[in-house]
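*Asks:* Starting from the given sequences, assemble the full structure and let the hints guide the process.
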Amino acid sequence: MQRARLFAATAALAVSAAAIVTSATAQADQPIIGLITKTETNPFFVKMKEGAQKEATRLGAKLMTAAGKQDGDNAGQVTAIENMVAAGAKTILITPSDSKAIVPAIAKARAAGVMVIALDSPTEPASAVDALFATNNYQAGILIGQWAKKAMGNKKAVIAALDLFPGHPVGIARHNGFLEGFGIKGVTSKSADIVNTGVACAQDSFGDQAKGQTAMENCLQKNPDINVVYTINEPAAVGAYQALKAAGKEKSVLIVSVDGGCAGVRSVESGVIGATSQQYPLKMASMGVAAGVNYAKTGKKASGYVDTGVTLITNKAYAGVKSQNGKYGLANCWGQ
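In mature numbering (1 follows the signal peptide of the UniProt record, and there is no 0), the protein residues as written are -28 to -1, 1 to 308.
One or more hints might be untrue.
As a list, the in silico DSSO-like pairs of lysine-lysine whose alpha-carbon atoms are at most 30 Å apart [said to hold, decoys possible]:
| no. | residue 1 | residue 2 |
| --- | --- | --- |
| 1 | Lys122 | Lys162 |
| 2 | Lys41 | Lys221 |
| 3 | Lys221 | Lys288 |
| 4 | Lys121 | Lys294 |
| 5 | Lys34 | Lys80 |
| 6 | Lys255 | Lys221 |
| 7 | Lys72 | Lys221 |
| 8 | Lys72 | Lys41 |
Treat the hints as calculated values from the structure; they're not laboratory data.
*Replies:* Have a look at this one:
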């Protein structure tokens, strides 16, 4: 009887051990990868999610997704990280809403053996994550700045900047890059804060069309002579255009932006936006998922910064500023 019990116990242990091995093998065969975006509604992040899911399906990974309630919702992103770690995610891809406040939650995930890759937006410090797959936002700003300078010719520029919100590294990089591209002296990629040298009016738009319109209205009240408008993204640019149109100034003011979504490229085609710098969210996400699957299979983590590319889109090309036209932009855009 005792031998029978011992045999049964040994068999149970063997089955349990086999189950653990099978579970570990299954996790390697179908690793869980998390994607946390700033919001679920922005077309940029919708395309990012689409790219991640397509690559996860192709590579046999399971994708978990989550998002903040709105841009800036750090608490929602912290909760998402905790839930994904608890669910066994091997890699988490995140577009941080608050580049500093998210760092402790990322540190806990990494301490648990999770690889964390930032997409689109860096953390502060950048070393808080294993890697960053993103547009060179400073270069995106430089491109539209160079184009705007050429477009203005000998006209005196009176610049309005419709920014994101204070302290965000993407907003800082695009704004300052635009100024350098436009030829404003003393601006470099090392600037830790927004530089407003040469800017007649600066307002936060939060990347939102309605807020962009209000910001433009405020700038026109401050200085009705504004003739160049830099915007953090294309929704803000469309809002700026609505304010300019209401004031009868839409034909005399140049608008430049960043993103390259399909709606934004159509705005270039129609003349609402003069030029935009196109970035590629699908590429960021698919590369992130591929890196996650590789980590699950080999244990090798991604590291450092990977530039996912940027292209100036405009239908008014100028010598010395490399660009593609609206047809190219529509062939490579995202969103509706």
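*Asks:* Please go over all the hints and tell whether each is borne out by the structure.
*Replies:* Outcome of the hint check:
| no. | hint | result |
| --- | --- | --- |
| 1 | Lys122 to Lys162 | holds, 25 Å |
| 2 | Lys41 to Lys221 | violated, 35 Å |
| 3 | Lys221 to Lys288 | holds, 20 Å |
| 4 | Lys121 to Lys294 | holds, 14 Å |
| 5 | Lys34 to Lys80 | holds, 22 Å |
| 6 | Lys255 to Lys221 | violated, 37 Å |
| 7 | Lys72 to Lys221 | violated, 39 Å |
| 8 | Lys72 to Lys41 | holds, 18 Å |
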